[in-house]
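Student: Line order of the protein sequences matches chains A and B. Mind the numbering: the first sequence is residues 32 to 309 in my numbering, read in order. Mind the numbering: the second sequence is residues 9 to 219 in my numbering, read in order.
Treat each hint with caution, since some may be false.
[Unchecked claim] Just a sample of chain A residues kept apart from chain B, beta carbon distances all over 12 Å, derived:
hint	residue
1	Ala55
2	Lys68
3	Trp70
4	Cys72
5	Leu230
6	Gly242
[What the hints assert, rightly or not] Straight line, CA to CA, 30 Å or less: simulated BS3-like cross-link-like pairs of lysine-lysine:
hint	chain 1	residue 1	chain 2	residue 2
7	B	Lys149	B	Lys209
8	B	Lys132	B	Lys170
9	A	Lys262	B	Lys195
10	B	Lys214	A	Lys181
11	B	Lys208	A	Lys124
[Unchecked claim] Examples of chain A residues toward chain B, derived with CB under 7 Å:
hint	residue
12	Gly44
13	Ile67
14	Leu81
15	Ala84
Hints were generated in silico from the structure; no laboratory data involved. Don't be surprised by glycine CBs; every beta carbon is placed ideally from N, CA and C.
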Amino acid sequence: MRLSFYPGCSLEGMANDYARSIDAVFKDLGIELVEIKDWSCCGSTAAHSLNQAMSAVLPARNLAAAEKMGLDLVSPCAMCFNRLRFSQNMIKKKVFDIPWPVTGNIRVHDMTRFLAEPPMIKLIKERILKPLNRLRVVCYYGCQMVRPPKITGYTDYENPQTIDRIVAATGAKVIDWSYKATCCGASIGVARKEIGESLTRRILQKARQTGAEAIVVSCPLCQSNLDMIQKDRSKRHTPVFYFTEFLRLSFEEHGDPKWFKMHFTDPVPLLKTKGLLS
Amino acid sequence: MQNVISDPDQAHEHDSGEERKLIGDRGYYFLNRMQGETGVNISACYQCERCTNACPVSHFMDIKPHQTIRYVQLGWREDLLKSSTIWICLSCEMCSTYCPNEVDVAEIINHLRNMAAHSSITPKERSLAVFHQTFLEVLQKSGRVNEFRLMNAYYSKPGILKERVKQGILVEDLLLGMTLLRKGRLKLFTPKSRAIKEIKKVYSQKRGEIV
Ligand code: SF4
Ligand code: SF4
C-alpha cells in the first residue's frame, strides 16, 4: 500500500520525534509513505485568522501535488489535516481561485483514523512483539482533528475513539474521560501565557485524576503544550506520548531510551518500572 | 422587598453607565453583509448562550460569543472589531458544534478577525495579532514555518520584547529556548520550500496588485 504523506512544519522541528516514530511504524506495517515533494506550510491558524483566501489556497498547493501522484493523502498533524480538508471543501465550492490544477477529489486521512480502521488494527495486532499491558493511559484528541464535524467527518466528535482503539490494540489499558476534545489553547500561550496555561493545566489535572500514568496524543501542538507545562519537574510526572511512539514501543523487542530524549517529562523511568525498557 | 431589577437600564451590567446605542438601519445592512460573506444564518440565533457556555475562554473575552452574534444583528461593527474577543478566540469550534441552530459562531468570529486585520482599528490584543502576522511573514519568506525563525521574528517586532520584559517572562523564555535547543526540538535550519515564489505571487494578487 502506498500513500502520499504531508508531514507539516512541526514535524521538522518541535515534533521531530513524532516524525521518526511514524517512519519506524509505517516501515514495520509495510505501508509506504511517499513524502510530497517540496511541500509548503498549510497556513495554520494565522492564515485563516488574517487572510481567509490564503487559508484555502495554501493547502491546495499540497493537494495538487498529491493528486499528481495519484495517491491518497495522510496527515499526522491535526491542524494540517483540518486545513487540508477545509481547502478541499473550498476547492469544490469554487469560491477562491486556485493557481494550481486541483480537483479536491483525493481522500485526505488523518493518521489516527487511517490506522484505526479494522483491517489496520488487525495488522497492528499481528506486529506486536511486546504488549504494553501494564500501562494505564488516557487519549487526548484536541480540537482540530475532530471539529468542526462538517469538515473533519468525525461522527463521534464528542467522544472520539480512534486513538483509543489503536492504543487498546497495543494492550495498554485505556481510561475513559471527559476532556478528550477540550481545547489545549494551541498557540495562544505564546502571546498570552496565562490563558494557555489555564487551559493546559486543567486538562493535565483531569487526566491525573483519572489515575492515568500517561497521556497519548496525535497533535504536535497538544504534545508540546501538555509536555512543556510540566517543565518545572515538580511532584508528579505525566509523560505525553505520540500514539506512534506507543506503537513503536510495542513493535520492537528492545526499546531505546534515546527515542524519548526530546520529551520534557522523561517517560523513561515510567517505562522502566513497567519493564518496557531496559 | 425591593425589586432588584427596578431600573431596566441597570438590569444588564454590560449596559450600565454606558451611553445607550441606537440600532439604526446599519444593523440590517451589516447583518446581510455578514450573512452573505460567511453563508451563516445569523438571524437564526435565539440567544440561548449555549455557545458561550461551551467556550473554554469566554471569561477572557469582553464580548461573549452569544453577544457577538447579537452585536452583528444590531450592526455594531466597530465594537466588534475593537473587542478582545476576536483575538482571544481559539477557533476551537466548540460554539459552532453545539449551537442548536447551526449558527457557525466560530466562522463569524473568524470573519470579524479578518475584517479587523484589514481595518484601521488597532487590535485590542496586539500581541496575539502580531503573532499571527509574524507567522504569515515567516511563511512567505520560507514557504514553511520554522519555530526558531518564527520566535526570532516575533521578538524583533516593535513592542513585543518590552512587553515580555515588563511581564517578567523574558528570562523564563530564554531558559525555555535553551532547553528546547538542547533537547533538539528547536532546529536552527530547516529546508525552505521552493514554493516561495508561487506563494508570494498569490499574496500580491490577494492584495489587489495586478503586475
Ligand atoms: S448557541 Fe447558537 S442560538 Fe444559542 S446563543 Fe449561541 S449562536 Fe445563538
Ligand atoms: S471557537 Fe472561539 S468562541 Fe467558539 S468556543 Fe472556541 S474559543 Fe470560544
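Student: Verify that the Cβ of Ala55(A) lies farther than 12 Å from every Cβ atom of chain B, and report whether the claim holds or is violated.
Tutor: holds, 17 Å
Student: Quick check for students: does the CB of Leu230(A) sit more than 12 Å from each CB in chain B?
Tutor: violated, 6 Å
Student: Run the distance test for Lys214(B) versus Lys181(A): straight-line Cα separation, threshold 30 Å.
Tutor: holds, 27 Å
Student: Does the CB of Leu81(A) sit less than 7 Å away from some CB of chain B?
Tutor: Result: holds, 4 Å to nearest chain B Cβ.
Student: Can Gly44(A) be said to touch chain B, with a Cβ gap under 7 Å?
Tutor: holds, 5 Å
Student: Does the no-contact call for Gly242(A) survive, Cβ to all of chain B over 12 Å?
Tutor: Its Cβ never comes within 12 Å of chain B, the nearest being 24 Å, so this holds.
Student: Holds or violated: are the alpha carbons of Lys208(B) and Lys124(A) at most 30 Å from each other?
Tutor: holds, 24 Å
Student: If you draw a straight line from the CA of Lys262(A) to the CA of Lys195(B), is it 30 Å or shorter?
Tutor: At roughly 20 Å apart (the allowed maximum being 30 Å), Lys195(B) and Lys262(A) satisfy the hint.
Student: Minimum Cβ separation between Lys68(A) and chain B greater than 12 Å?
Tutor: At about 9 Å from chain B, Lys68(A) fails to clear the 12 Å cut-off, so the statement is violated.
Student: If I take the minimum Cβ distance from Cys72(A) to any residue of chain B, is it greater than 12 Å?
Tutor: violated, 5 Å
Student: Verify the proposed pairing of Lys149(B) with Lys209(B), using a straight-line Cα cut of 30 Å.
Tutor: At roughly 12 Å apart (the allowed maximum being 30 Å), Lys209(B) and Lys149(B) satisfy the hint.
Student: Taking 7 Å as the limit, does the beta-carbon of Ala84(A) come near enough to a beta-carbon in chain B?
Tutor: Holds - the Cβ of Ala84(A) comes within 7 Å of chain B, reaching about 5 Å at its closest.
Comparing the model with each numbered hint stated earlier shows that hints 2, 3, 4, 5 and 13 do not hold.
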